[in-house]
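Could you build the full structure based on these sequences and the hints that come with them?
Chain order of the listed sequences is X and U. Under the numbering used here, residue 407 is the last one in the first sequence; the count climbs by one each step, no gaps. Under the numbering used here, residue 296 is the last one in the second sequence; the count climbs by one each step, no gaps.
The hints are simulated quantities; they were obtained by calculation from the structure and are not laboratory data. Only a predicted model underlies this, so the values are computations on that prediction, with no experimental measurement involved. Hints are not guaranteed to be accurate.
[What the hints assert, rightly or not] Simulated restraints, written as ranges between beta carbons of each label pair: (1) U/E289 - X/D221: 30 to 40 Å; (2) X/A214 - U/N19: 48 to 58 Å; (3) U/E172 - X/E206: 53 to 63 Å; (4) U/D168 - X/Q209: 58 to 68 Å; (5) X/D235 - U/N170: 51 to 61 Å.
No residue lacks a Cβ here, since even glycine has one placed at the ideal position from N, Cα and C.
Here is how the chains run, residue by residue.
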Amino acid sequence: MRSEVLQESLSALMDNEADDLEVRRVLQATEQDSALRGTWERYQIARSVLHKEHWQGSVDLSAGIAAALRDEPQLQMQDQATAPARSGLWRNMTRVAVAASVTMAVLVGVRMVNQGDVPAQPTLAADTPVVAPSFAVSAARSGAVLAGYSQSPGVGAEPIATAQAPSAWHEQRIGRYLREHAENSAQFSSPQLVPYARAASIEGR
Amino acid sequence: MISKRGLGCGYLAALLVSPSALADDAVTWLQRMSEAANQVSYNGAFVYERSGSFSTHQVWHRADGDVITERLLQADGEPHEWVRRDGHVQCASSYSAGPVWDSASQASQDPDSLGQWYSLEVLGTTRVADHATTVVSVKPRDNFRYAYELYLDTETGLLLKSLLINERGTLLERFQFTNLAYSDIADANLEPGAACLQLGVTLKGEQGRTDWQPGWLPPGFTGGPIDVRAFSVDEPAVSSRVYSDGIARFTVFFEPLGEDRLANDLRAQLGPTVAVSRKLSAGDGVFLATVVGEIPPEAAERIAASFEPDAESAQ
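Below is the structure:
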């Protein structure tokens, strides 16, 4: 895989314009190539809008807090021909369609190569320095998730289902749920104005 | 030094604590944070930022003995507005939520239980919106919730800045005052503009199916009452239930699918908020369970995957 092609795929992924195949390509490449992962991180930092926080006192949290506000490199499995962004809200959302089995199946496929490196614990300790703990945990639980989705417990590797874009009704519903949840939370005094601000941000521009 | 804000100087004594009492100190700060809004009147401007969104707002907040009145105005784009009295929304530019459950305030009155799920610590002091602030770190003890950094006005305890951080140390959300003044609020500043609409009538649904529940919850989360409500007249009712551990919240929505209501499993992330939908089949139809909240996606997936009919429900 030529590195310029990968760099392009990386840019596309950052702009949420990568297609399904590109995403998998990038995922697999970053597993093996720490320089590519470094590039990914630099791209993210370059587009960040935040700065490191400093405060008086002896505690320095800079190691614990990322300097960049960055998107999760979520997989995007959308049928490009039939799924234009239907609303401002949806444009801003990172989507993983049919996430439960399809995403897990793909990630399990990627992770299996490195399964020996990652200790497969049911619950990771908060300070375990695993690079992608969420993937590993998902893989460890993938049996239960896959079984739940397919309703056939005990089946091993599931065939990767065809990804579908959410229906228009479902998209609208998710938007409604997000608003309700945020507005509900905003009625209370703790943590004060933050839930209101979340609700306001959902009224997409 | 004479306090310009006319508040008692008793709060300053709270600063003279030894490092060994940091955890108890943090609990005290959180208690002060939840009481501050009831005690001080203020006006100011704040920003809110998450992946894909940056917005600015103005606030006028009056704490008048028993009644708390607050007006919020979005300062960029459309002039969206909210007016709240004692936490309840009086008018809003857009509002869809129904009856509410005050889970967070219940839990904040029981700070020991918070310490079970989060490790609380005072980190130090800094400055926000030109006010001295104390920084409290709220770190989850497991992977089922997020971490917070709360910056509280050292004199009043008011939350001036909040950062939400995920398990990898990535910042998911920033809330921050840029300007704040403590002063009495003129009536004119609490008058809503034309963009603030009276709330519509809540449609009460028929008793929907309420016997599907998550089989698994992250430890420390308790659920409020189940609310059953139709979002519009010709739709079946949706049942919803809020769960909270005192800081984090998520809502579970449950409704029947149909010919014109099609859905599949889905996961979406909007800044700090995740939404996971799961399609469920039962003898009497197909349903959609959706988990929405500021919790790690893996926790939401696990909750959604655990949905099961109650043992007593007749099939």
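Quick rundown of the hints versus the structure:
no., hint, verdict
1, U/E289 - X/D221: 30 to 40 Å, "37 Å, holds"
2, X/A214 - U/N19: 48 to 58 Å, "50 Å, holds"
3, U/E172 - X/E206: 53 to 63 Å, "60 Å, holds"
4, U/D168 - X/Q209: 58 to 68 Å, "59 Å, holds"
5, X/D235 - U/N170: 51 to 61 Å, "57 Å, holds"
In this structure, none of the earlier numbered hints is contradicted; all agree with it.
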